[in-house]
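Protein chains in written order, with the working numbering: chain A, 70 to 410; chain B, 70 to 410.
Careful, some of the hints might be misleading.
[What the hints assert, rightly or not] Far from chain B, some chain A residues (derived; all Cβ distances over 10 Å):
1) Arg96
2) Ile177
3) Lys184
4) Ala216
5) Glu281
6) Lys346
7) Arg394
[Unchecked claim] Taking lysine-lysine and the DSSO-like style, the derived pairs with C-alpha atoms no more than 30 Å apart in a straight line are:
8) B:Lys361 x A:Lys219
9) A:Lys262 x B:Lys256
10) B:Lys312 x A:Lys289
11) B:Lys361 x B:Lys241
12) A:Lys241 x B:Lys219
Source of the hints: derived by calculation from the structure; they are not laboratory data.
We treat Cβ as the ideally placed atom computed from N, Cα and C, and that holds for glycine.
2 protein chains.
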Amino acid sequence: MKIAVDAMGGDNAPAAIVAGVEQARDRFADLEFILYGNVDQVKPLVKDQTRITMIPTTEEIAMGEEPVRAIRRKKDSSMVRAAMAVKKGEADAFFSAGNTGAVLAAGIFLVGRIKGIDRPGLTSVLPVGNPQSDTKQLVYLDTGANAENKEINLVQYAYLGKFYAENMFGVKNPRIALLNNGAEEDKGDPLHKDVWQRLNRRDDLNFIGNVESGDLLAGKADVIVSDGWTANAALKASEGTAKIMLSLIRDGIMNGGWRAKIGYLLLRPVFHSVGHKMSASTYGGAILLGLKAPVVKTHGSSDATAVANTIAQIHQMVSSKMIERTVNFFGKADHLKEMDN
Amino acid sequence: MKIAVDAMGGDNAPAAIVAGVEQARDRFADLEFILYGNVDQVKPLVKDQTRITMIPTTEEIAMGEEPVRAIRRKKDSSMVRAAMAVKKGEADAFFSAGNTGAVLAAGIFLVGRIKGIDRPGLTSVLPVGNPQSDTKQLVYLDTGANAENKEINLVQYAYLGKFYAENMFGVKNPRIALLNNGAEEDKGDPLHKDVWQRLNRRDDLNFIGNVESGDLLAGKADVIVSDGWTANAALKASEGTAKIMLSLIRDGIMNGGWRAKIGYLLLRPVFHSVGHKMSASTYGGAILLGLKAPVVKTHGSSDATAVANTIAQIHQMVSSKMIERTVNFFGKADHLKEMDN
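Based on the provided sequences and hints, a complete structural model is requested.
Here it is as structure tokens:
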């Protein structure tokens, strides 16, 4: 199994990328890597070249660049070269911690959509924070912030999410919910009302109805589908609030005198476990589902461990033959016709 | 100053409502109350009838009822009677902890919109969780979850939010931001791009641009305006996450043995202060801005203190003559014409 890696993307690139790749290489004997990037910078960082090939590139796509233009113009960038390797069949998956928009554009335009998929869905795995819930994680899509999702896209996301939950986490008959502004069938704007009906009609989906964003992390569903606009607003609000709660507690401890500081020392394992549970990097990168190969983007701030975890996620996606399953399912024309009604 | 109170609305009604009214009455010498409700239940709860009039009603609007139908049919409900008292000029403001949709419908159809306001905005005051920020609270609207806001509504919300921040919190020249899916001017769907331009054109607004939902509680703005759909999704996600973080910490303490429990005792003041800061009831109720009188709804689960705090908020709204200021501003036809362009 070969993974094409954009070694230059991300705040800590190339050091964190190379270190993460080496960790993952040591964990999985069947993994090989092609690292695309500035060889002068990358080569000295590689401690052991076993199963790692380096390919020099001359350009980089920066964080603020306009994504589509960047991937069209910078043909010799580490990102475009890595995506092209997948397109040409030289690698099985594409990984980057760089400019999110550019990763999405490279995925859509270079790696390409699976036949039958109208629009790929950016997918995050979120923690379930309810200690009473048996559910450990949630598959959540589309978090791509685009405001143009149509009904049919959300129905396709339900299948993409279902396959992900089954293949990656072994969830049996995953519970699928629709993110909406109320629990009842008739809630939401025309798009959400229509999607509710379409999802409810599908015999092969375990559709459990609407979930409100207040219950995003409550473990009520295994997969939550949403238009990109709403999913992104809810996800960022949730991440921002988690960060702010921790900073308020930290601030209280710093200003709370010796009692608070001793209290912190005693509670440190609890804070660590909550912090670990709520941290985005625990759950790997964001996956662009619906493409012909795994295209995965980690946070720009990822360290080596986060990079290695994300590569483990890609390894599982390829091993479990999730893409083949998706191609197979959407390749049947009758599925698509039914879905469109 | 007279406040018409729906004594029967809310999970803890009428006991918490009556107790909260008495607390507020004891705090403000210029406050009088008319309590609408089942006299057999309400009367025994009132300890001291000073400045409290009771008016018997025979119906109640339940939490699950369809709002518009409920307020049309249940003419002798505590909620409709209280709203009607404001409409008839017998009271200065209307307060309820009951069915949110019905409170909004009673506000719009019975109390009525200010001339020049196309759609009132449901407004919440949120905590600013950033310890480094001087800003203490945020005025946030429209949280009404409706998906049909137009450009002009959001421009009007900017003024309603500005007046609220100035009159209620004494904020000078409040910083106004637009909730959007990115920081730059050209982010978002056509509605958000257009609203950005309209807000930016207004000389009398201190418009600072877009804010993403990840920065909702970061103190970057004094007022954040949004369409109701997005605002509601982000607010509920934030509330849900805060709740889940606290429950994860609680769970960790319960299962963390004696060390964790002693740690908790030492850190209790910190948890209390964070819990207080993040609690919705600290900041009073949700206000339907743009109506001819204050219409305020507290959480259904409000206790007596939350009820009293919400009444204090109404007291300040009336004392500061915010409604008169709004009527005056929107009454000038040229403002509206300009805003529409």
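Do the hints match the structure? See the list:
Under the 10 Å C-beta cut-off, the non-interface status given to A:Arg96 relative to chain B holds; the minimum distance is some 28 Å. Annotated as non-interface, A:Ile177 keeps its C-beta farther than 10 Å from every C-beta of chain B; the closest such distance is 18 Å. The beta carbon of A:Lys184 sits about 29 Å from the closest Cβ of chain B, which is more than 10 Å, so the claim that it is off the interface holds. Consistency note on A:Ala216: stated as away from chain B, yet its beta-carbon is not over 10 Å from all of that chain's, at 4 Å minimum.
Residue placement check: A:Glu281 does not keep its beta carbon more than 10 Å from all beta carbons of chain B (closest about 6 Å). With 10 Å as the threshold on Cβ separation, the claim that A:Lys346 sits away from chain B is violated: the shortest Cβ distance comes to roughly 6 Å. With a cut of 10 Å on Cβ distances, A:Arg394 stays outside the contact zone with chain B, its closest approach being about 31 Å. Of the supplied pair hints, the one linking B:Lys361 and A:Lys219 is violated, its CA atoms being roughly 39 Å apart against a limit of 30 Å.
Distance restraint check for A:Lys262 and B:Lys256: the Cα-Cα separation of roughly 27 Å lies within the 30 Å cut-off, and the hinted pair is therefore satisfied. For the proposed pair B:Lys312 and A:Lys289, the alpha carbon gap of about 15 Å is at most 30 Å, so the pair holds. With a C-alpha separation of about 24 Å, the suggested pairing of B:Lys361 with B:Lys241 holds against the 30 Å cut-off. About 43 Å separates the Cα atoms of A:Lys241 and B:Lys219, which puts this hinted pair outside 30 Å; it is violated.
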